[in-house]
Amino acid sequence: MNALLPLVVAGPLLSAMVALTAGSPRLRRALGLVVPAAVLVAAVALVTATSDGDVLVAQVAGWPAGVSISFAADLLGALMLALTSLLVLVCMAYAAISGDDRDPYYVPLALVLSAGTFGAFLTADLFNLFVLIEIALIPSYVLMTRTGSREELGAGRIYLTVNLTASTVFLFGVGLLYGTAGTVNLGQLVGAGAESGGVALATGVLLVALAIKAALVPVHGWLPRSYPYPSPVVTALFSGLLTKIGVYAIFRVYTVIFSGESRWDVVVVVVTIASMVVGVLGALGETTVRAVLAFHMVSQVGYIVLGVGIGGVVGLSAGIFYLLHHTVVKTSLFLSAGVVERVEGTGRIDRLGGLARRQPLLGVAFMGAALSLVGIPPFSGFVAKYVLIRAGVVDGQHVAAAVALVVSLFTLLSMLKVWNGVFWGGEPTRDDRLAPLIPPRGMVVPGLVLAALSLLVGVSPEWLLWLSDRAAAGLADPSTYATAVAG
Amino acid sequence: MSVAVAVAVLVAGGVYLVLQLGLVRVAFGFVLLGHAANLVLLASGGVGRRTAPLVGGATDEEIATTADPLPQAFALTAIVITFGITVYLLALVAAGADDDPSAEKSPAGEPDPARSEASAADETEGPS
Numbered sequence: 004m005n006a007l008l009p010l011v012v013a014g015p016l017l018s019a020m021v022a023l024t025a026g027s028p029r030l031r032r033a034l035g036l037v038v039p040a041a042v043l044v045a046a047v048a049l050v051t052a053t054s055d056g057d058v059l060v061a062q063v064a065g066w067p068a069g070v071s072i073s074f075a076a077d078l079l080g081a082l083m084l085a086l087t088s089l090l091v092l093v094c095m096a097y098a099a100i101s102g103d104d105r106d107p108y109y110v111p112l113a114l115v116l117s118a119g120t121f122g123a124f125l126t127a128d129l130f131n132l133f134v135l136i137e138i139a140l141i142p143s144y145v146l147m148t149r150t151g152s153r154e155e156l157g158a159g160r161i162y163l164t165v166n167l168t169a170s171t172v173f174l175f176g177v178g179l180l181y182g183t184a185g186t187v188n189l190g191q192l193v194g195a196g197a198e199s200g201g202v203a204l205a206t207g208v209l210l211v212a213l214a215i216k217a218a219l220v221p222v223h224g225w226l227p228r229s230y231p232y233p234s235p236v237v238t239a240l241f242s243g244l245l246t247k248i249g250v251y252a253i254f255r256v257y258t259v260i261f262s263g264e265s266r267w268d269v270v271v272v273v274v275t276i277a278s279m280v281v282g283v284l285g286a287l288g289e290t291t292v293r294a295v296l297a298f299h300m301v302s303q304v305g306y307i308v309l310g311v312g313i314g315g316v317v318g319l320s321a322g323i324f325y326l327l328h329h330t331v332v333k334t335s336l337f338l339s340a341g342v343v344e345r346v347e348g349t350g351r352i353d354r355l356g357g358l359a360r361r362q363p364l365l366g367v368a369f370m371g372a373a374l375s376l377v378g379i380p381p382f383s384g385f386v387a388k389y390v391l392i393r394a395g396v397v398d399g400q401h402v403a404a405a406v407a408l409v410v411s412l413f414t415l416l417s418m419l420k421v422w423n424g425v426f427w428g429g430e431p432t433r434d435d436r437l438a439p440l441i442p443p444r445g446m447v448v449p450g451l452v453l454a455a456l457s458l459l460v461g462v463s464p465e466w467l468l469w470l471s472d473r474a475a476a477g478l479a480d481p482s483t484y485a486t487a488v489a490g
Numbered sequence: 274m275s276v277a278v279a280v281a282v283l284v285a286g287g288v289y290l291v292l293q294l295g296l297v298r299v300a301f302g303f304v305l306l307g308h309a310a311n312l313v314l315l316a317s318g319g320v321g322r323r324t325a326p327l328v329g330g331a332t333d334e335e336i337a338t339t340a341d342p343l344p345q346a347f348a349l350t351a352i353v354i355t356f357g358i359t360v361y362l363l364a365l366v367a368a369g370a371d372d373d374p375s376a377e378k379s380p381a382g383e384p385d386p387a388r389s390e391a392s393a394a395d396e397t398e399g400p401s
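Each protein sequence line maps, in turn, to chains H and V. The opening position of the first sequence corresponds to residue 4 in the numbering used here, with each subsequent residue numbered one higher. The opening position of the second sequence corresponds to residue 274 in the numbering used here, with each subsequent residue numbered one higher.
Isolated chain H, as found in the complex (with noise of 0.2 Å):
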């Protein structure tokens, strides 16, 4: 089971190398539905093997701890390669429903996105994780700039240099703490946060980059201004994927390393709770439908992180439920979005209406979706929510579990506003109309699919929450993980 976790990052490595030589699309497709599949049937075997809070370890060729590149899986690390390996696999079902995957480049740089992507949850070093970090991000340099319009070309460059400043800054942080701590395997940085004022300073600015590559308010400018810009499957996995390691590497890194000190935890509520609101408001004035969705991700992660500033294994639980939820779901609004602009050639609200008499189904999958973004039962989104505001008010954080409810409101404007723009309403007047394309058979699906996850999750919530609390328990207690890890 241990020689899973390297196998996990190598296979899709190894096989994006065989997908770019490969000359035949058919390969290179099969390989990118294939490869995301068995990282998910092995997400879910170490799902199972670390549920009753076990952690599985692997030291890469043998080499004693500490010396060698270590991967460790602990229930929170096994529970986001399920989501995210998951995902992966229903992107490029869409892609290759869609059409994006004709791209010979497309396929490949998502492998290597994904297998950074899951190396980043698995690694047990800050180091590694850094490597990690760049082998996704570099692929999404490509992927974002990938068609070469000039709107690209804007958005790829406010995207590129922003994320190399904060790998930049992740990296003064790691020199900052090898200096003051002397090592940084996670295993051996239990606690050290809390005992001295140095290596709390380095993990701030370790904190600093990882707020920036999850979109806090206020680092988060980048996000609104780059990811409603390319392919809306490239957005989708963008979402799913990359603003999500910045937010588990928070988790992590800040549990573990201030493990046993909560004098942070209100400089955190405070930036979270700026976030939600800010990215509500910032949502309700964008004009596209990719660009609403895109800015109320700032809002999201605000909720997720929030629940690392309640802290303990309540508050981490809801953190971990909520982002379990909100990824699921926000990829499928983009799923959705891409729907829409492949039907109506433009993402513009003001230019679009009664697509729902046209295409009910999309309607069905964008408004499941969105209804469990904002919060109303019986979608997870319901569950995810009182879970976290049940945290906050238990743990005493009275004003961010007021201002959580009243930004669901602002949610619900924001959705209400895609909703009333895009799907209801009559025909779009606008003299350039084009004929009404038929998109390619399926292509609702994929979003239809989470959106029911969603509910599935939402109807049956034990099962995930019991999961999140266990996982919780790993995060709020990390011996078992430390002495996993340091050996």
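Hints are not guaranteed to be accurate.
One side only, chain V facing chain H, incomplete, derived with CB under 7 Å [to be verified]:
#  : residue
1  : A277
2  : V299
3  : F303
4  : V304
5  : L306
6  : A310
7  : L314
8  : S317
9  : F347
10 : Y361
11 : V366
12 : A368
No wet-lab data here; the hints were simulated from the structure. The beta carbon of each residue, even a glycine, is placed where N, CA and C say it ideally should be.
For chain H, the structure is supplied; the task is to place chain V on it using the hints.
Leaving out everything else, chain V in the frame of chain H:
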């Protein structure tokens, strides 16, 4: 101390260049920032200890002056990554991302009133 000064100078120059408009300057800025980060990594292993880290048969005295190999490995990896990304940045320059679209459309100094209008114009042209 000398490392601290070098890092400060590199970061100052790097930040200045990254804030410039032209993408070539931004690329050079990131090269400087990358050097600064690598210096920090090297300094984190102790600047005074410089003997080659050879395993086996070392006396305590030798071990005390031996350089820490781990930060060197970090820096080496980071250099490769920075180099690769610099090349990609320069490739973007060649592809035409050098001129900031929003800055160029309005020479009168008007901050782009409608980025979406510009993009709508691009849409009709279609990606080549």
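Cross-check of the supplied hints:
A hinted interface residue such as A277 (chain V) counts as satisfied when its beta carbon comes closer than 7 Å to some beta carbon of chain H; here the least separation is about 12 Å, so the hint is violated. With a cut of 7 Å, the hint placing V299 (chain V) at the interface with chain H holds, because the nearest CB-to-CB distance is about 6 Å. Satisfaction of the interface hint for F303 (chain V) is found here, the shortest Cβ-Cβ separation to chain H being roughly 6 Å, below the 7 Å cut-off. This hint is violated: V304 (chain V) has a C-beta 11 Å from the nearest C-beta of chain H, more than the 7 Å allowed.
Using the Cβ-Cβ criterion of 7 Å, the hint placing L306 (chain V) at the interface with chain H is satisfied: the shortest such distance is roughly 5 Å. The criterion of a C-beta within 7 Å of any C-beta in chain H is met by A310 (chain V), whose closest approach is roughly 4 Å, and the hint holds. For L314 (chain V), the shortest C-beta to C-beta distance to chain H is roughly 4 Å, which falls under 7 Å, so the interface hint holds. With its C-beta approaching chain H no nearer than about 3 Å, S317 (chain V) sits inside the 7 Å limit, and its interface hint holds.
Against a cut-off of 7 Å between C-beta atoms, the interface hint on F347 (chain V) holds, since the closest Cβ of chain H lies about 5 Å away. Contact between Y361 (chain V) and chain H, as hinted, is supported at the beta carbon level, the nearest pair being about 6 Å apart and thus within 7 Å. Taken as an interface hint, V366 (chain V) does not check out: its beta carbon lies about 10 Å from the nearest beta carbon of chain H, beyond 7 Å. For A368 (chain V), the suggested interface contact is upheld, since its CB lies about 6 Å from the closest CB of chain H, less than 7 Å.
Of the numbered hints stated above, those contradicted by the structure are hints 1, 4 and 11, listed in ascending order.
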